[in-house]
Every structure is written in structure tokens, then in C-alpha cells.
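> Based on the sequences and whatever the hints tell you, model everything.
Chains as they are written, first to last, in the numbering used here: chain C, 1 to 211; chain W, 212 to 471.
Worth flagging that the hints you see were computed from the coordinates, not collected in a lab. Each statement offered as a hint is correct.
Keeping only pairs whose Cα atoms sit at most 16 Å apart, straight-line, the calculated EDC-like set for lysine to aspartate or glutamate is:
1) Lys185(C) <-> Glu220(W)
2) Lys147(C) <-> Glu170(C)
3) Lys185(C) <-> Asp254(W)
4) Lys177(C) <-> Asp254(W)
5) Lys185(C) <-> Asp142(C)
6) Lys69(C) <-> Glu290(W)
7) Lys177(C) <-> Glu220(W)
8) Lys69(C) <-> Glu35(C)
9) Lys69(C) <-> Asp29(C)
10) Lys177(C) <-> Glu229(W)
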Amino acid sequence: MSNSQRGRSAPMPVAEQHADDLVERMQGDDLDAFEEFFNAYKRPIYATALAITRDPFVAEEVLQDCFVKAYRVRERLDPGRSPLPWLQRVAINMCYSRVTKRSAAVEPLTNLITNLVVDLAARPDQVVESREVLDVLQRGIDALPPKQQTAIILYYLHGYSLAESAEIAECNVGTMKSRLHYALKALRARLPVERRLPVTGARPALRRVIR
Amino acid sequence: MTCRRICRELLWQARFGELGPGSAPHLEHLTDCRACRDELGFDRALVRQLRTALAARVEGASPSPQAWEGVLARMAGPEPRPSRLRAWSTMLVARLRFGSAMAGATLAIVLALNVEVVPVRPSDASSGVGPATTAPSRPLTLADGFPQAATSAPYGGATDAPPAADAAEAPALTVGVGNHEPEGLPMRATTAAAAPAAEDESSTTVAAAPVQAWEPLTVRLVPADAAVVRAPSGEPVSEEAPSDEEPIPASTPLPISAPS
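This is the structure in C-alpha cells:
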């Protein structure tokens with residue numbers, strides 16, 4: 001499974017996102033360029049913030065603070081490099097500084113609403129089963145250490161490559177792999193024992209791989 | 212390779228898209244091992260569910276249309292100043308790090324040079340009794356321009372002997388830490404008065420008492436190889452024997468004991 005085959009929720013990987021001359025124009029105090037800059041990068045930053053905080057309001061605050069900071073330190077941005085890793089890094093740090101300030105992890109209201117609304121098109125047993133697993137996983141993700149949480153968000157949610165994820169997280173590729181490994185291990189341990197071995201469909205797929 | 216190891220490597224390769232020609236033995240094993248298939252199948256299912264769970268967190272979410280106005284409003288506000296507590300804690304952490312690094316480096320140097328700290332009284336050092344090294348150990352005085360405490364004689368330039376002679380005779384580093392004299396006490400005067408008295412055999416012990424009271428304590432960093440050993444007669448013997456002496460066979464037990 002190559003990186004290009006993985007599902008990506010982010011529209012573009014880091015390497016393909018060129019700031020072009022936006023940063024240079026921003027450095028010339030061009031506010032229109034800053035707005036373009038904001039529109040170009042707001043979605044991945046907001047997604048990261050929302051995935052970590054699980055609160056749309058906090059995520060938007062992080063988004064705004066992140067870009068305000070980007071404008072204030074625009075002179076230090078390198079026009080030759082994509083600003084996305086830096087923006088992601090700033091957003092992640094802001095998220096965790098806010099998350100740790102909150103005394104308790106209060107489940108956002110939107111999640112409660114989502115849990116109350118059942119997709120009637122699906123079979124009730126499947127709905128209950130998948131919701132149970134997803135609920136366990138969501139709690140598991142919340143309980144992960146920040147570094148592992150960041151790793152799975154960058155790699156599995158945004159679809160960044162290992163090298164890109166490592167650059168954003170400011171670690172090497174081996175460390176990123178290790179964080180992903182331990183995150184999956186922790187998530188797996190959270191699942192009920194009877195849910196840890198769903199092997200249906202694994203064998204035919206692997207047979208195809210071998211041939 | 213064991214089944215467990217194959218499974219672990221296969222999981223690793225599958226997770227990070229590293230399956231390749233080198234994975235053929237692993238995949239071959241997979242066709243015959245039900246447990247490994249289960250393991251890999253579950254891992255794939257877990258990753259799939261994890262992606263679903265993560266996507267559910269941000270599904271359909273986008274910043275509100277007012278987000279840009281919010282950015283402009285925040286930019287118009289005053290730039291937040293770093294809190295003093297944060298700056299103070301950052302400075303403290305930096306200093307602790309620096310201190311730890313310096314302590315570690317010092318320890319590493321001591322270990323690398325294979326030296327040990329040996330407290331030596333000046334009288335021992337001057338008479339040659341004590342450590343086998345004869346490094347000049349005259350403690351620094353205030354007249355040398357340095358405080359008496361925490362000065363290093365060889366590096367402080369306080370020794371009378373030339374550096375070449377030091378190197379030949381004394382591989383030890385002598386650190387004069389001195390007994391800290393309470394401020395205001397006439398240390399210099401007492402020492403000056405006591406020095407001739409000590410040379411005079413007829414001097415009384417009363418006259419020498421102040422000297423002992425404020426006798427500087429010298430600490431030497433002595434190479435462990437040159438650690439002082441004492442012969443049964445009590446005379447100090449250095450393991451660094453002169454080269455013209457006949458070497459002692461390794462099998463012969465030395466009738467010496469290490470100093471306490």
C-alpha cells in the first residue's frame with residue numbers, strides 16, 4: 001500500500017502546496033495576499049484543529065490565532081518552502097495548549113447529537129456494532145498521548161507521507177513510525193476482546209496480493 | 212524466522228507501504244499461517260476503522276464564513292505579550308539545562324581522564340607524604356588575585372614551579388578549595404605569623420593551633436592509575452614506578468593495599 005493509494009482527506013500533500021509568491025507579497029504587507037494565503041490553507045489547519053479539539057468553536061479560534069501568528073511573523077517565513085508544515089505545527093501546539101487548559105474533556109454537543117441520530121437506512125445491528133467500535137476508537141484517540149495523537153491525525157486523517165508527517169511533528173521518520181505503531185497498539189488494546197479478531201475478508205484480499 | 216517475527220515485520224511493512232520484493236517470504240508464510248492472516252486482517256480493519264473515526268471528527272466541517280473577519284479582528288487587537296511567568300519558567304529551564312549539561316560534561320571529563328578526587332592536606336603535599344604526585348599545592352591566596360576557595364592551582368597560575376616541571380612531576384590537578392574563612396577574620400595575618408613558628412622547632416603548639424584551624428584543604432584530581440598505595444611499612448608507594456626499576460611480575464601478589 002503506497003502513500004498515493006491511501007485515502008486522503010487533505011486535498012494536497014505538503015510537497016504540492018506551493019506558497020508561490022503569497023509569502024513574498026505578505027512580506028510586502030499585502031493584505032489581499034494574506035487573504036489568499038488564509039483561503040489556501042484554512043481547511044487542513046481547521047481539520048487538524050477540529051480533529052484534536054473536537055470542538056468547532058475552539059478549532060476556529062485556533063485557526064484564527066494560527067493565521068494571525070503567521071502574519072505577525074511573516075518576515076521569518078521562507079518563501080521558497082511550503083508554509084503548511086509550519087502552520088500545522090503551530091496549530092497543533094495551540095490545540096494542545098488549549099486542550100490541556102480545559103479541566104475535563106467535555107464531550108462536544110455536536111457529538112451527542114450525532115449519537116442520537118441513527119441512520120435508518122442501515123441495519124440496526126450493524127449500526128450498533130459500528131457505532132460501538134467507532135465510539136471506542138474515538139475515546140481511544142482522545143486518550144492517546146499528544147504525540148501519538150498528532151501522528152495518527154497527520155498520517156491517517158490528512159494522508160501525509162511519513163516524511164511529511166515527521167517534518168510537521170519535528171521528528172525523524174523512524175520516530176513517526178514508532179508513534180504510529182504504539183498508537184495502533186493502544187487503540188487495539190481498547191477494543192473489546194471479541195472485537196479484536198474480525199478476520200472476514202482478509203484472506204481473499206491477501207491471496208490477491210500474493211498472486 | 213519465527214512466526215511472531217514474520218507477523219511483526221509484515222504488519223510494519225503493510226502499515227507503512229513498504230511491501231516489496233523483500234516481502235515475498237513473509238507473504239508466502241501468510242498463505243499457510245492462519246494466525247498471521249488474522250493478525251494482519253485485524254490490523255487492516257483497525258486502520259480502516261481508525262480512518263473512519265478520524266474522518267467522522269471533521270466530516271463536513273469547514274471554518275465559518277466569518278473566520279476571515281475573525282482573523283482581521285484579532286490582528287487589530289494588541290499583540291499578546293509573553294507572560295512573565297512563562298518567560299521566567301523558560302529561563303529557569305534553560306539554566307537548569309545548562310547546569311545539567313555542564314555537570315554532565317565535568318563528570319564525563321573526570322571519567323574520561325580516569326581521575327579521582329583525593330583530599331590532601333597541604334602539609335602532606337609539601338612533604339611528599341600522601342599521594343604519590345608532587346604537584347605544587349600552595350593554595351591560592353587573596354594576594355594572587357583570586358579568592359582562596361574554588362581555584363585551580365595549575366590553571367590559576369598560582370604555582371611557583373614552572374608548568375613543564377609540573378607536567379613531569381605531577382600529572383595531578385590540584386584544586387585548592389580551602390577551608391572557607393569567615394569574613395573579617397585575619398587569616399593572612401595569622402598565617403604569616405604562624406608560618407615561621409611552624410619552622411621553628413621550639414615553637415609551642417599553641418602558636419600552631421590557628422594554622423591548623425584554618426589550614427587550607429586541598430583537593431587533588433589524581434589519575435586513578437597513579438592512585439597512592441602504601442607499603443606494609445606505611446610508606447606511600449606509587450604504582451607508577453620509575454622506569455629503571457625491575458617490573459614486578461603480574462603473577463606476584465603485591466603486598467600493598469589501596470588507600471582508604
